[in-house]
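These protein sequence lines map, in sequence, to chains A and B.
So the mapping is simple: this note's numbering equals the position in the first sequence, first residue as 1, plus 863.
So the mapping is simple: this note's numbering equals the position in the second sequence, first residue as 1, plus 29.
A hint or two may mislead.
To be verified - Dumping the calculated DSS-like pairs for lysine-lysine here, alpha-carbon to alpha-carbon at most 30 Å: (1) B:Lys-155 to B:Lys-198; (2) B:Lys-60 to B:Lys-245; (3) B:Lys-60 to B:Lys-50; (4) B:Lys-186 to A:Lys-1083; (5) B:Lys-60 to A:Lys-1083; (6) B:Lys-198 to B:Lys-245; (7) B:Lys-50 to B:Lys-245; (8) B:Lys-245 to A:Lys-1083; (9) B:Lys-155 to B:Lys-186.
The hints are simulated quantities; they were obtained by calculation from the structure and are not laboratory data.
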Amino acid sequence: MQRLPTVLRDTLTEVGGIAQFTGRFFRNAFHPRFAWDELVRQSVVNGYRSMALVGITAFIMGLVLTVQSRPTLARFGAESMLPSMVAISMVREIVPVITALIGAGKIGSSMGAELGSMRVTEQIDAMEVSGTNPFRYLVVTRVWSTTLMLPLLVVLGDVIAIFASWVGVNFYGTVSWQLFQTQVMDSITGADLFPAFIKSYFFGLAIGLVGCFTGWNARKGTTGVGEAAHRAVVLGSLLVFILDLLAVQVTDLLGIN
Amino acid sequence: MTGRISPTLTGEVVVRLRGLKKAFGSNEVLKGFDLDVYRGENVMVLGRSGSGKSVLIKCVVRLLEPDAGTVEVLGEDVLALDPAALDRLRVRVGFLFQSSALYDGMTVEENMEFPLRRHWIAMAPKEVDARVEEALQAVGLAHTRHMYPAELSGGMKRRIGLARTLITKPEVVLYDEPTAGLDPITSMEMVELILDLQRNYGTSSIIISHDLNVAKLAADRIALLHDGRNYAGGTYDALRASTDPVVERFFQTL
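Isolated chain B, as found in the complex (with noise of 0.2 Å):
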């Protein structure tokens, strides 16, 4: 981190990376990423378009095998794991695409089971109903159960999203540009789930987004993605406040 050093975190650290680096052919993203996020908190990495925030968070859930570096999640060494110890620590990391990903040929309900019936959760049917029951209530679309993804707006696929990414109860979930083109309210609402996720379910984030609303709004802390490393850290007041060259020009420019 060369533009300004956060101060001490201390707690359990649920996310480490070090190291981390990923090139597309002679297209280095990453050139060696860092960073910690400590249980309960909501961390936001800010970059900007084609910076590689999006590669980041695949490589942490082994979407994308990283070239080298470490990746620690929830205490495993994720890049040493086979395919279904991996499997098992998946499902306690939620991750929200920044297209929603919803099965288009299921319905909402059917959607938001799928996760518990494929992985062979012991749950009697009722418990499974008060689950989606309670997903849904979460990001008040209850009433969207027997609904197709074609039939709902932009920003209802991302909070059915959200709701799907919940219902295994992930400890450490991940953004994906949670409120990319999304409207000035829905976007607020957006970041009202994710506050709200994060007091009712304890849960840890790492919130990837170039939208300083939602930096200023959700996250705890904010690591700044440029040049392929994490440049700089800190609160969203402390880095507005920064005199670093390249942390002004961002805070001025997006």
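Chain A extracted, bound-state conformation (with noise of 0.2 Å):
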């Protein structure tokens, strides 16, 4: 190990790190003794607080895919085929991996910098020697918390780019809710919106157990607290487009296509 570049020795240090903070993520994941009343909190402040942010992302992302995508595909006669076409796209790939990606800066950098501040301030400290676990109660919960709220947030980041799709189309012409809503609904199948809500856990839970993970081992010190915060932004975007190629070799490898 010593005889390893160092740059190569910290990822790999890292890499272990994560795998073994997963690993008791997962030993603590389904405890009765469930702190109910802080996974309500944290699911507020990471999926309720987050709605306005993920919908205008949402509201412009499928407004301007519509706006833009219009012109290539009105010179091939396939204007048609705009409302399927963003919303296949919408669907499967952008409002997953942005909501995640928006769900990397700013939840996971506040759980960084949260539990980085409690760490070097001697909070958690004090919950261990109070025998409450802090690592149930704080991480379990936040860990719990974006790992189901992330597909909701998702959820809603697709109706509104869809609903923003359909004012996008109503710049050039008059299409119906109704009739714009037929050709969505035709054109999506379960093969898109299935993993896509699938992969969202996952990104949900990277996030959460990124952000944890680095806040939890801050360094002593105030730039600690930066570090794991900036650390949660950095490992949680990577690990997302990680997770989504990993997706797509999956749904490619089962012909889910």
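Could you use the hints to bring the two separately framed chains together as a complex?
As structure tokens, this is what we get:
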């Protein structure tokens, strides 16, 4: 291990640390003494309070993709494919990934900073010595909240992005919401929805785990807090892309395309 | 113990440390520390800054894992306990942090209730309320109940930290520099509180400090931590009268 280049050694240490942390999460995740009150509080913080940001972003993405795709489709006389194309792109890829990246930035960094600050001010140690199992109270509830909330945020984003696409289509003509909705529903299948929904759970799990991991292991001092937040965003975003790549491979292998 | 042998003490030993060793890399902080704490007594561990005093009490509750030695608290071999048993033991041992370590997202009341709620102790809300009130009254800060830690002074935080420590009625309390950073009057108030708690709750304590005034007023016995070992032990007066050069220098310079 000592002979390895520093970058490689640090990376392996980080990966090992996250794997160990994940194992500890699953060992505690289904404990009967579950802090339901904290899970509800975290779900409000991470889910409810992210709705506006996810909603606005999804609306802009849906609108922009529609407006920018329209001329290209029109050139091939395939303008009628616009609702289907935008809906499928949004549901399958764009909304889950962008929502996860928002989650890594907003939720992951705040978790890293909050737990990091609790670590450096000995608040986690205080919970530890009072025998209250801070891992179960702080980490398990936060990771569950992101795992459960991210798919819901993705569903919200999907609906808003499709609505925004209808608004975009109506910039150039008049298409009723009923007609637009029918076209979208006819083109989207379970093979589009199901894998996207499932991968959102994994995105949420990864964001929660990485955010908590960086905060939990923050080094002493105030710089440790900032570093924890920064690492949560970088590692979280990277993991989202890696998981997305894996999800594509898995759906390909399973023939869900 | 090389400086002075303590008088023979009798009674129930609540904390027994033997050959405790802890190193951070090549820096050996504890090199075989021995200590006995008897029920109902306040033992102060005196030592210079960086001598490993905080490391010592963190090893007692396994916030840090010792490299070698044994730690026995309330008859339990701390280093051999599984996590659940360790949590159960920790409920019986209070720990006051130098930084107070109050949960800053919670009010004083929520800070106090937290250990009770998280231990799933079957307690009626009225009983919890009464326990919080009693602990806050004990430290003279009942009026801060709905305040947040950010609204409190350093001395108040330390006292609330102490009240939170007491809420589970621990048998042993570990104080990490309880008067550090406090003005002389607030320091004396803290010392009085420590003595009140010893009298009223019958707690045994290990007090970590380098403050000789605290040692004189609050300690039944002193253990001098020097070069990673329990160098000398005894009452304040006995150590003060010691002619051992290390002990003498310690009392002259602190």
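Review point. For the pair supplied as a hint, B:Lys-155 and B:Lys-186, is the alpha-carbon distance within the 30 Å limit?
Key: Holds, at about 25 Å.
Check your understanding: Quick one, are B:Lys-60 and B:Lys-50 close enough, alpha carbons at most 30 Å?
Key -> Satisfied, since the Cα-Cα distance of roughly 5 Å is no more than 30 Å.
Exercise for review: Quickly compare the C-alpha distance for B:Lys-50 and B:Lys-245 to 30 Å and report which way the hint goes.
Suggested key: Answer holds: B:Lys-50 to B:Lys-245 is near 28 Å, not above 30 Å.
Exercise for review: For the pair supplied as a hint, B:Lys-60 and A:Lys-1083, confirm whether the alpha-carbon distance does not exceed 30 Å.
Suggested key: Answer holds: B:Lys-60 to A:Lys-1083 is near 25 Å, not above 30 Å.
Point to revise | Pairwise hint evaluation, A:Lys-1083 against B:Lys-186, where the allowed Cα distance is 30 Å at most | key: 21 Å, holds
Exercise for review: Would you mind confirming whether the straight-line C-alpha gap from B:Lys-60 to B:Lys-245 stays at or under 30 Å?
Suggested key: Answer holds: B:Lys-60 to B:Lys-245 is near 27 Å, not above 30 Å.
Review point. Do the alpha carbons of B:Lys-155 and B:Lys-198 lie within 30 Å of each other, as the hint requires?
Key: Measuring from Cα to Cα gives roughly 17 Å; hence the hint holds.
Exercise for review: Decide if the proposed pair is consistent with the structure: B:Lys-198 and B:Lys-245, CA atoms, cutoff 30 Å inclusive.
Suggested key: 26 Å, holds
Point to revise | 30 Å Cα cutoff - pair B:Lys-245, A:Lys-1083 | key: 33 Å, violated
Hint 8 alone, counting from the list given before, is not met by this structure.
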